[in-house]
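Listed below are the residues making up each chain.
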Amino acid sequence: MSAALLSELAGALAAGGVRVVDLSQTLSSRFPQIVLPPEFDQCAPFRVEEISRYDERGPGWYWNNLSFGEHTGTHFDAPVHWISGRDLPNNTTDTMPPASFIAPACVIDCSAESARDADFLLTAEHLRAWENRHGKVPAGAWVLMRSDWSKRSDPVAYQNFDETGQHTPGPDARAVRFLVEERDVLGFGTETIGTDAGQAAQFRPPYPCHTFMHGAGRYGLQCLANLDLLPPTGAVLIAAPLKILRGSGSPVRALALATD
Amino acid sequence: MTPALIKPKPRNPVSALRLPTLPPPARSRSALRLTAAAAEGRLELQHCADCGTVQYPSRSACVTCLSHRLEWRETNGAGELISGTVLHHSNELYYRERVPLRLGTVRLDAGPALLVHLQGDCAAAPSRVRVSAHLDKSGQAVLIALPAEDTANMADDPMLREMTSDPKFRKVLVTDGKPAVGQAVAMAMVEAGADIVWVGVAEPWKQAPGFDALTKLKQIEIVPLDVTDEKSVEELAGVIGGKVDILINTAEFHRTHTVVDRGTETARAEMEVNYLGLLRLAQAFGPAMRVRAAEGSAPATAWVNLLSIHALSALPSHGTFSATKAAAFALSQNLRAEMRHAGIRVVNVFPGPIDDEWNQLVPPPKLAPVALAEAIVAALRDGIEDVYPGDVAQDIVTRFRESAKVLERELWDQ
Ligand SMILES: [Zn+2]
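Residue numbers (the numbering used here), protein chains in the order written: chain A, 1 to 260; chain B, 261 to 674.
Read the hints as simulated data drawn from the structure, not as lab findings. We put the beta carbon where it would ideally sit given N, CA and C, even for glycine. Don't take every hint at face value.
Per the computed footprint, the stretches of chain A lying under chain B, defined by three or more beta-carbons under 8 Å from a beta-carbon of chain B, are [what the hints assert, rightly or not]:
1. 39–45
2. 79–87
3. 155–169
4. 184–191
Far from chain B, some chain A residues (derived; all Cβ distances over 12 Å) [claimed, not checked]:
5. 15
6. 17
7. 28
8. 54
9. 64
10. 69
11. 98
12. 102
13. 111
14. 116
15. 128
16. 129
17. 231
18. 234
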């Protein structure tokens, strides 16, 4: 491969021929964290506490201490996150191959369906219909489910709980198995708070996306933003988790490279 | 008759803020026993175990028989006002701002003569009165005589109002209004005549039964407040910190976690709310409340902390929770010492198990959230500093005072 390829990319980035799209939510205490039933231990929410701000605690400098769970904000799920992936090789944030942190992305637009039905489920039929228009999902690609959920800036609307639980769109079990077994994807990404639908605890099996993706050593991305700025195919996604020893996931600054 | 309190006008923004001054605080160690009883709303005086003499002021020996066997016991405050006077001048800054003051001498039916403040409705001497002990702005006991029978608007007397924190016409912040306890406290404040009740809500996406009804009351204003988030606490303090007269910290995280159950996440979450949450509130709201403690028409007056009777002695079946409440109790004692310089009353509430979802397996009696809220209102009205609401709390605090060690063992199997 010629070295010119990278200089060409650098030139295109500088000249604007290649856009960099920020797919990340801002990490702040305002952004909601995942909620488990209260009898389970909870993911710590993202918190910032000032160490000093040009004051008596540190006259010339400003900095903060952070605390958060691994699965906070726009974040990466490693295979070890789920029990189905716990014994796989290279299944943690420190051992996953770095080459997989940069990969092509297919964007499935489910925004209209999700607007109509918060419990919308992406099926294998939807995926085949998408392939009829945009071509086959390539092996090793991220499949990103665009729902425009990231545009819900009100945390109540984003979480969308009622007394029967959370109502957010996601894939059904067959769609996940299709992507893993027949398309050999790298992983599945969503704009919602989980890669699974809000009601996925009631599915068979429960949480099919976590179960099948991680069981096959594939990855997850959630709380993505700006998927509406990406083309259906052709974008390259860059999402590298923090190198946490035996980590199950990590907040990421997810970026995409796209051409106009 | 005491004129009924009228809703105070807002302070003239260009007049200087009246700064807090305090009545003289120095008291002997033995006189602090009077204070300790007043903190729980009781009048206690020295009783001689040998001859039965009741004496005041306290001394190291009986004035009648010189016995040293003196016991502090609850004493009936009924008595006769034998003389009264009006104080027009004082060299103490605090009293100078509050003259004229009615003072008097009361002969208790129990024996001793006491120098007391006179509530405005007390008839001229000779007349029947009731003496009670109240904490003043310094947090020290002073004796006040009330008329033998309640009069209309009795609690609106300026001197009594100095020593109490009646929610009437006051602006109250309830830090977590979603759980049953927070809802009950917010409702009780509305019923007690509070002017505004700000109700804090964390994690607004979580539904809480009954909460919607609360939000419809005109005195209630829902505000975002998550005590685990420094920014959230500071932002709210930036908006209402200069207006809160009474802060009631109901924020609580409670799980049934023992110290040998795996993991520290539950303990950390409990500590974030129950201990660090209080610390964040104290730093964000404390200074502004201190400055406003003497504001003429509507001063900041009280800070209430929801603790647990197991702050005194741990309940192993709720091990990590007890530990956070003990930490919060220690913090609250320090907060009281800090707020004392302005005369803000810090009220600690030590309930037994509350009848909520985290005490499902605790056998009755359990304290209903409404009863807890009523106890908080009563404590504010009576100027009480330490509240042990309900039978379980009363029982445990009694046993704690008899023998902390015996109680520690008895709580092992509960
Ligand atoms: Zn005696």
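* Residues of the region 155–169 of chain A with Cβ under 8 Å from chain B, three needed, outcome -> Coverage by chain B holds for the region 155–169 of chain A (8 residues, Cβ < 8 Å).
* residue 15 of chain A clear of chain B by more than 12 Å, beta carbon to beta carbon? -> Consistent with the label, residue 15 of chain A stays out of reach of chain B, its closest Cβ about 39 Å off (over 12 Å).
* Is the nearest Cβ of chain B still more than 12 Å from the Cβ of residue 116 of chain A? -> Per Cβ check, residue 116 of chain A is outside 12 Å of chain B; nearest 21 Å; holds.
* Non-interface claim for residue 129 of chain A, where every Cβ of chain B lies beyond 12 Å -> Answer for residue 129 of chain A: holds, closest chain B Cβ roughly 33 Å.
* **residue 28 of chain A non-interfacial with respect to chain B [C-beta, more than 12 Å]** => Its Cβ does come within 12 Å of chain B, the nearest being 8 Å, so this is violated.
* **Status of the stated non-contact between residue 64 of chain A and chain B (beta carbon gap over 12 Å)** => Non-interface label fails for residue 64 of chain A: nearest chain B Cβ at 10 Å, not farther than 12 Å.
* Go check the region 39–45 of chain A versus chain B for me, would you? Three or more residues, Cβ under 8 Å, otherwise it fails. => holds (count 4)
* To do: Beyond 12 Å from every chain B Cβ: check whether that's true for residue 17 of chain A.
  => Holds, since 40 Å exceeds 12 Å.
* To do: Quick one: work out the minimum CB distance from residue 231 of chain A to chain B and report holds if it exceeds 12 Å, violated otherwise.
  => Fine: 33 Å to the nearest Cβ keeps residue 231 of chain A off the interface.
* Is the Cβ of residue 54 of chain A farther than 12 Å from every Cβ of chain B? -> holds (17 Å)
* Asked: Should the label of residue 102 of chain A as a non-interface residue stand, given a Cβ cut-off of 12 Å to chain B?
  -> Non-interface label stands for residue 102 of chain A: nearest chain B Cβ at 33 Å, farther than 12 Å.
* Verdict on residue 111 of chain A as a residue remote from chain B, using beta-carbon distances over 12 Å -> holds (21 Å)
Consistency note: the structure conflicts with the earlier hints numbered 2, 4, 7, 9 and 10.
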